[in-house]
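K.L.:
Here is how the chains run, residue by residue.
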Amino acid sequence: MEDATVAFLEGLSGRGVEPLLGGLTAKVRIDLEDGDATDHWLLDVRRGVIDVAHGDGEADSTLRADRATFEELATGRTNAMAAALRGALRIEGDLRILVLIQRLFPAPVGMPKAAGNRSVGRSRS
Amino acid sequence: MVRILDGNTFVVSDERGDIEPSTTEPTGLFSYDTRFLSSWVLSIDGLRLNALSTYDLQYFEARFFLVPATGTLYIDPKVSVIRERAVGDGFHEELTILSHSDRAADIVVRIDAGCDFADLFEIKDALPKLGTYDTRVADGRLVFSYERETFRRETTISSSAPAVIDERGLVFNVRLEAHGSWTTDISVVTSHVGLGMGATGTKYGRGKRLARPNMEQSLEQWVADAPRLECGWEPLRATYRRSLIDLAALRFSPPIAGGRSLPAAGLPWFMTMFGRDSIFTSIQALPFASELAATTLRVLGDWQGTRLDDFRDEDPGRILHEMRYGEMAAFEERPHTPYYGSVDATPLYVILLDEYERWTGDRALVRELEREARAAIAWIDDYADLMGNGYISYKRRNEQAGLENQSWKDSANSISYSDGRLPGFPRATCELQGYAYDAKVRAARLARLVWKDPAYADRLEAEAADLKRRFNRDFWHTDGGYFVLALDADGSQVDALASNIGLLLWSGIVDVSKAKSIVDHLMGPRLWSGWGVRTLAEGEGRYNPVGYHLGTVWPFDNSFIAWGLRRYGFKAEAARIAAGILDAAELFDGRLPEAFAGYERSQTRYPVRYPTACSPQAWSTGAPLLLLRTMLGLEPIGEHLVVDPAMPASIEHLELLDIPGRWGRIDAIGRGRIDVAGGRMPSTSRRRTSS
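Sequence lines, in order, name chains E and B. Residue 59 in the working numbering sits at position 58 of the first sequence; the count goes up by one each step and never skips. Residue 1339 in the working numbering sits at position 628 of the second sequence; the count goes up by one each step and never skips.
Just so you know, the hints here were simulated from the structure itself, not pulled from any lab data. Where hints are given, some of them may not hold.
So these bits of chain B aren't anywhere near chain E, every CB distance computed over 12 Å [said to hold, decoys possible]:
no.: 1; residue: E795
no.: 2; residue: P966
no.: 3; residue: F1022
no.: 4; residue: G1099
To give an idea of the interface, some chain B residues facing chain E are shown, with a C-beta separation under 10 Å as derived from the structure [unchecked claim]:
no.: 5; residue: H903
no.: 6; residue: G969
no.: 7; residue: L1019
no.: 8; residue: Y1036
no.: 9; residue: E1038
no.: 10; residue: V1161
no.: 11; residue: R1278
no.: 12; residue: P1322
The following label-pair restraints were derived from C-beta to C-beta distances [to be verified]:
no.: 13; chain 1: E; residue 1: R16; chain 2: B; residue 2: Q1111; range: 50 to 58 Å
no.: 14; chain 1: B; residue 1: N1183; chain 2: E; residue 2: R16; range: 44 to 52 Å
no.: 15; chain 1: B; residue 1: T1189; chain 2: E; residue 2: R48; range: 17 to 25 Å
Note that the Cβ used here is the ideal one computed from N, Cα and C, for glycine as well.
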């Protein structure tokens, strides 16, 4: 059932510079609660490049949710800000991290992928 | 009603300080769009109290002087009550009871408390709650809580004096000595889960000893940091001071802003981020408090759309319309996390960024927001051109909760043909095209100057020039000599004459050869009321001088129209608008409402208020500030501030001192030389008010 979560987190690695993170540098830990157990993932973000590791460690900010909630986030079935407001997704540390990380979640189910940033790219050669 | 607030936490009570269900206006303690107290009633020996007088000392504190309601004037009260309340992370109340008797007495002081945890949307639409309530007494505190799945909100009430607490409130059994006094501090603390919105105590304690330094202290600092205004006309000084204080009250610090503030839209019901209102107000305030613009740009940039989401009307690059924090948003029963259904906020975002740089020289922020600005420009071309005709248009995708009209005239019947029919969707209103033009011209300047991308600048300028050429052809009403209100879904003209043509002057999209004709309409009898430009011209099918966007006069609209008139060299007409709106401001005691009636000035002699729950309204608060700018002709050019006054003769003399900007601080001084027709009321005449 949690395939989407793992696929989402692992898929954050190896993207190169993620433009949606706006040059962010931060260590973010994702804590996935599963009953009494907690599964940890570490996102080491350097100037928008994300390095993902499965495991515990020190972080500047932590995003915490149960597995079911994160699965909904990773599949576009719920919205991160709404989840935070109802306490299903909790953030410790820099609140702005939530706003940046939520950009990485997919569009709602049934929505086409955005056409991309055809006009955003620099035209300078 | 007495309303005090701190950010988006506010208390609405009656003049006694009590909170009870009311039919006129929702009352209570509200924070982040949730009601944390719905009843709060003080009684002594079973008697309710009467207000002798009430002062809202600052926007965040009020003081109530009360006596027990004995039912007759002929018995002097034996006790009186002073209730002082300061809002901030809930509220703190200092209750003092004074004896006026030469005998000691035992009295029972009771505060009845209750909480419904209603969402603002639920209050508006009278919807039932889906979660469960709990009330408990623990550790000398009364705790109300509400829970729905992981959503939890809590109100904790405690007092410094010993109280008998039950689930309905607090009781103090007080021995009051002859001519003695008794006092207690009461705290009402609001707590949320998530987003760091929780609190462990109120912001203010007795004598404000707990106050964190962002409110009263900084209010004085805030006023001291703003330019000083010297003027022979006292009402303008009063209006200026009122505007600065109201702007301070309207500051809202979103959870992600790291303590910095941006202008919320209106007090108290719109104390949240609105893309359009926060941007327009930030532009108006640039010569006075440019830090508001910086926070607006950062926070709106952080929330810029990144994906397609029909529920939220979100697209990549789109700037948000409105953010809400209550239960219905949390459970996605409303789309406000955030909702993106605005089509003007995105080009206005780029306009603000450029105008901010022109005033402050803060190129670091322009560099920091390059991606956001480019994404906003890209949105105009990639997502806003719904009809494929090269114009911004709108059609909501959320058919249930989305907004039908997504530019500033957002009421349902605001966009009409001359004969009163309503067009279908999409709709391309004219001012949107002006914003798109201006955004591209300004982004081109930033691309050359800061982003060092001349090819991008060339492209934007070419697109802007092409847009201007097409616009002056497609939107021009040849017989009427004005730009039509909109193009409809067929690309045909929606031919009503409306104030939107004034915003077109502001954007610069109007061919110089057409400007005179536009100005004749703006200052002609159909649009000009004597106080300002009406939203819709008299004689249009839907014209109504007390219709929200159908003939009322909006101070914010007029302030930008005045700027547009200056841009095209119509100094006398700009001065005339400034004179009319500032005369109205005087008669509204320095606080302009969101809108007032479009009746002919000579007919009513006083401006007639349009009923609205929100006051002050941010962009009305900003209107006198922008009018000061247009009267003095302040324009940043390179490293300098150009001053080119064109003021109504009635103002005689005006000095704005220490205007901050990239030049350091500069003074602007002007003399009124322009004779505006229909001069102002004598300052001694006063309006009778019913509010």
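K.L.:
Each of the hints needs a verdict: does it hold here or not?
P.N.:
Results for each hint:
1. With a least CB separation of 33 Å from chain E, E795(B) remains clear of the 12 Å interface cut-off, as annotated.
2. Taking the minimum C-beta to C-beta distance to chain E, about 5 Å, the non-interface status of P966(B) is violated against the 12 Å cut.
3. With a cut of 12 Å on Cβ distances, F1022(B) falls inside the contact zone with chain E, its closest approach being about 7 Å.
4. The non-interface label for G1099(B) is consistent with chain E: the shortest C-beta to C-beta separation is roughly 14 Å, beyond 12 Å.
5. The beta carbon of H903(B) is positioned within 10 Å of a beta carbon in chain E (closest approach about 8 Å), and the interface hint is therefore held.
6. Against a cut-off of 10 Å between C-beta atoms, the interface hint on G969(B) holds, since the closest Cβ of chain E lies about 7 Å away.
7. Because the closest C-beta pair between L1019(B) and chain E is about 5 Å apart, less than 10 Å, the hint holds.
8. Of the supplied interface hints, the one on Y1036(B) holds, with its beta-carbon coming within about 6 Å of a beta-carbon of chain E, less than 10 Å.
9. Here the hint on E1038(B) is kept, as its CB sits about 8 Å from the closest CB of chain E, short of 10 Å.
10. Checking V1161(B) against chain E: minimum C-beta separation of about 13 Å lies over 10 Å; hint violated.
11. For R1278(B), the shortest C-beta to C-beta distance to chain E is roughly 28 Å, which exceeds 10 Å, and the interface hint is violated.
12. A hinted interface residue such as P1322(B) counts as satisfied when its beta carbon comes closer than 10 Å to some beta carbon of chain E; here the least separation is about 32 Å, so the hint is violated.
13. Taking the beta carbon of each, R16(E) and Q1111(B) are about 36 Å apart, not inside 50 to 58 Å as hinted.
14. A hinted range of 44 to 52 Å holds for the C-beta pair N1183(B) and R16(E), which are about 45 Å apart.
15. At roughly 55 Å, the beta carbons of T1189(B) and R48(E) sit outside the given window of 17 to 25 Å.
Violated hints, in rising order: 2, 3, 10, 11, 12, 13, 15; the structure is consistent with all others.
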